[in-house]
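J.: Residues per chain, in single letters:
There are 2 protein chains.
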Amino acid sequence: MVKQKENLYLQTKNNTGDNYNKMTQLTYKDFETLYQPLISSNDAKRKLNLFYLVNGLPQNLKCHENPVYLAGGMPFESMFPVQEIDLQIRDNPGSLTDDQVLSKNYSITKIKMYENEEKIKETESTKMIPVNSMIKGPSKVGLSYALQYSEVAGFPELLELTRQIITRINKPKYDMWDTLLTCGTSDSLAKICDMLIDDNSTMLMEEFTFTPVLHNLQYSGGKHIPLKLNVTSDQSKQGIDPEYMSDLLDNFDKKYPGLQKPKVLYTIATGHNPTGLTQTMENRQKIYDICSKHNIIIIEDDPYGYLQLPKYDESNPLNNPYSKGEISVDQYCKEILIPSYLTIDNDGRVLRCETFSKVGAPGLRLGFITGNKFLIDKLTKLTHLTVRNPSGVSQAVLTNMLIDMGQKYQALPGNENAPFIDGWIEWCMKISGQYTTRRNYMFQSLYEQPAFKEKKFELIEPTCGMFFNTKIVLKPEWSKKETKRIMDYLYCCLLEEGCLAVLGYKMTIDEDFSLERANFLRFTFAKANTEQLFKEGAERFSNAVERLFNEYGVDEKFDLAPQGFVE
Amino acid sequence: MVKQKENLYLQTKNNTGDNYNKMTQLTYKDFETLYQPLISSNDAKRKLNLFYLVNGLPQNLKCHENPVYLAGGMPFESMFPVQEIDLQIRDNPGSLTDDQVLSKNYSITKIKMYENEEKIKETESTKMIPVNSMIKGPSKVGLSYALQYSEVAGFPELLELTRQIITRINKPKYDMWDTLLTCGTSDSLAKICDMLIDDNSTMLMEEFTFTPVLHNLQYSGGKHIPLKLNVTSDQSKQGIDPEYMSDLLDNFDKKYPGLQKPKVLYTIATGHNPTGLTQTMENRQKIYDICSKHNIIIIEDDPYGYLQLPKYDESNPLNNPYSKGEISVDQYCKEILIPSYLTIDNDGRVLRCETFSKVGAPGLRLGFITGNKFLIDKLTKLTHLTVRNPSGVSQAVLTNMLIDMGQKYQALPGNENAPFIDGWIEWCMKISGQYTTRRNYMFQSLYEQPAFKEKKFELIEPTCGMFFNTKIVLKPEWSKKETKRIMDYLYCCLLEEGCLAVLGYKMTIDEDFSLERANFLRFTFAKANTEQLFKEGAERFSNAVERLFNEYGVDEKFDLAPQGFVE
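Residue numbers (this note's numbering), protein chains in the order written: chain A, 1 to 567; chain B, 1 to 567.
The hints are simulated quantities; they were obtained by calculation from the structure and are not laboratory data. Take these hints with a grain of salt, some might be off.
It does not matter which identical chain is meant; a pair holds if it fits inside one copy or across any two.
Straight-line Cα separation of at most 20 Å, PhoX-like style, residue types lysine-lysine; simulated pairs [as the list claims (entries may be wrong)]:
#1 Lys286 x Lys471
#2 Lys381 x Lys261
#3 Lys228 x Lys480
#4 Lys223 x Lys47
#5 Lys254 x Lys286
#6 Lys293 x Lys140
#7 Lys334 x Lys535
#8 Lys535 x Lys254
#9 Lys223 x Lys45
#10 Lys455 x Lys480
#11 Lys557 x Lys62
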């Protein structure tokens, strides 16, 4: 593969005398050459033969311009039981301090039966093939369209908006990229694994991670290779250790004899789950270069990237630059958001997964994948054969909401020429502001706790996301091999004290590999909703830690199962 | 397998002395014994280890009654940008004659932030495991719930309503059944194939069918075995020929040497696509018995079953018993709807797929599977690992709409004690009434056409669904081997005359097997929306048939490719 790829580099170089520029203009054929060898063998079984399409019509055939449509089984719009959907879109997310669950400031966005007359005419006309052309400006979706059968890859309007999101924030280095709508990132990851993983394929994964992706990997017959994580407050070192990774791949046969060399890296590089870590751009470049050298596809899962948290200020714990209006949308896009791997993607080897669950709503079940057109086409075909397009109702709600936000934003004085998508991005900023407030309350309370002052636990401040870790400073006399049992004991104390968190070792992909680094709990500040709750949570956690230190190995109250907690 | 099953019969018989009654009370273990051998080998790879669940807690642990929730990454409800959704639910589908796309008679159904306070309290409380308990009465879904992460199998409220649909119309013969929400029947079928089909598995399918399911089969490595269909106006013989099927299975090794014996039958028994045929209950019983004998799982795909069409009355073409109010909901349920295979399912071997696409709206992307709990559990696990729950917005729209319809129906005088779900079933009846009107206009026009009177084509009247076939009566001098070329020629004429239909041979699973029976086109009366359009469609079709008879083999206008039309 590497050889093949070098040839490709060479070829393009010869053609233009300009290696870099040409690399950013990789063709579909280039992607095929590079990545077809990484596609799972199942893919060859994916036949798609749409019974309502015909090709090879005689050249002299003169199709009637206005045929009667008696072909596809699409119900007529007046048979849909819902004839209008009105949405109340809030101007601002509810804030923690005033517990504003319902906002008085909102706009009504209507999803009406015939919002987009032209589209209706098109589906009723000669065309048997659904129209999937790019639309020019933003255009609201009508209910007649939302409730009907529609394009498998997603509504063109919504796809266009996702492309605007990518273009505004994470423009890929090459031109031939596209997006595909999915039913959320769970769906995206299942599809990507299905596309790439065969029996005995291997995938590199951060040792602590969002473990459900491990199930997708195993389900397709693949095996995981854990990558050591630097779980540290030193931001320059956070995340995957590039040296460890480079060494591992250069000496893979020695380290994992008998296993296939990894062809995929799954990474949550920004606001990592469960650790809250964010990888520096410098390290991303190193990791990208390693992947390029070994022809590894990068799955970048980025659910939390929009939730950027300014540095916690101990001298002014409740400081929140968002709420003070100190950050413009442009700054947020260019200076605050951490660029995706897409922005350094010379070879088109990155598949970026975004979701509307964290800054929109999980119940929409909407996300999207960005990547080179060859891989996006493969994923679209797979979508055709499985779940088909995500809910039209969800898509219409999201599309019209994004358009509403864009229109309102551009209508503000001075914003006439702002990118349309900035309306949505401003909402993401507002949500970041809310999470900053939550983080502030949480950390203020935690830093005040006796167990923290007594150095019984450490806090790793997240710069991003909704999670953070509390790392238990184990007593010197406790064996590191006991880590799991110690954490189980702490967990029992937490349940009695009344504070729910997630055990670090439950989020490892290989317990043995990571045991000694699993002395942490994952907390979130997403769901609790009053200052008081954060305070109580912190106090209860501190009490639980104190109990651990007083009781464990000395005066234990619980009879722990030797195997730890199992599902 | 058959032996094992007989043992099972025997065992239960010995226990009770009553074979039949006990068979209807098959246990989970019985299903496992019967069907585990039919589960694909992939299933063993499906591990599901939820990181947020713990088991094996010490017995003396006293969980705090009101813990602070700092565990799961669920956004707080006030961060959802939508805070209310209002739906206009029409009282009646728009009728063909007045082209009533927007109805003046509708009710407003609101999806409000905290509709169901109790549920909110539950998700905020101690429970880390999502609540999946059956609810008692119908209960609307709140937006805080609809937009949040939710149960993978579907909203409990909506699942309960699907169980009411099944109980009211197609109550299974055994008790331990359940339903699973899916993203429509495409999703259902992909999942079922994934669960059952291995490399080299075989599946029985009607020779003409909804071909995308063939892709699902092939995708999992399976092979199809076509079953001959009786495409005839004689309703007692329509559909799968039980004798052909019985003979095929009894002599399978001879007929298909080297292939595995089929373990699944995929059938559209009611309002079949593309033929419009409906299998009699007598034949269903025969087919069921054959499947029982050979331990074959039956996938019953029933998208069109609710669209029951009264017999077309040539002396009174526009007669429509629905619109005259001659049919009660109870009659519709008990006398008119064709009972599912579930109602004769002694062994729990039926997986019934329903969709809300045809009587609700396709854009909802909602359907459900009914089957024995063992198989439903397997499918639920698969759902966990792939697409997760269908859109919460779609589920909330459908749930609250069904509840709205139920409440309005029960509020009518005399309906106080009617089953709640009859509100929805009445809607299905109204839709059937609309399709009856459309069928009437379409057939009235077709029977008047010269080409029909000249016996150049036959019509097979559908008793159900939205499709019907026009069977071309081939000239004696035309070779049956030319069927494909003849139909291609007709198709070209149709495109020039201006009438879009689907070629029968494009809906075969094995062109060679079915070529001689592929002299038909599939038409639908679903999408056209005026009397005039049906009339024009019929005239254009008749003109095209006339052209075929005048031009084919004599004075051909088109240069047809020898391989026919390909995708």
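J.: Each hint should be assessed against the structure and marked as holding or not.
T.: Tested hints:
With identical chains, the CA atoms of Lys286 and Lys471 are never at most 20 Å apart, being 28 Å at best within one copy and 66 Å at best between copies. Taking the shortest alpha-carbon separations for Lys381 and Lys261, neither the intra-copy value of 27 Å nor the inter-copy value of 30 Å comes in at or below 20 Å. When the C-alpha separation of Lys228 and Lys480 is checked against a cutoff of 20 Å, the pair qualifies only within one copy, where the shortest distance is 17 Å, while the shortest distance between copies is 68 Å. In the homo-oligomer, the alpha carbons of Lys223 and Lys47 lie at most 20 Å apart only across protomers (13 Å), although the nearest pairing inside one protomer, at 27 Å, exceeds that limit.
Taking the shortest Cα distances, Lys254 and Lys286 never come within 20 Å of each other, neither inside one copy (22 Å) nor across copies (62 Å). For the homomeric pair Lys293 and Lys140, neither the shortest alpha-carbon distance inside one copy (44 Å) nor that between copies (55 Å) is at most 20 Å. Proximity of Lys334 to Lys535 under the C-alpha cut-off of 20 Å is found in neither arrangement, the shortest distances being 35 Å within a copy and 61 Å between copies. In this assembly of identical chains, the alpha carbons of Lys535 and Lys254 never lie at most 20 Å apart, being 50 Å within a copy and 75 Å across copies at closest.
Taking identical chains as interchangeable, the C-alpha atoms of Lys223 and Lys45 lie at most 20 Å apart only when they sit on different chains, with a minimum of 11 Å there against 22 Å within one chain. Taking the shortest alpha-carbon separations for Lys455 and Lys480, only the intra-copy value of 18 Å comes in at or below 20 Å, while the best inter-copy value is 88 Å. In this assembly of identical chains, the alpha carbons of Lys557 and Lys62 lie at most 20 Å apart only when taken from different copies (11 Å versus 86 Å within one copy).
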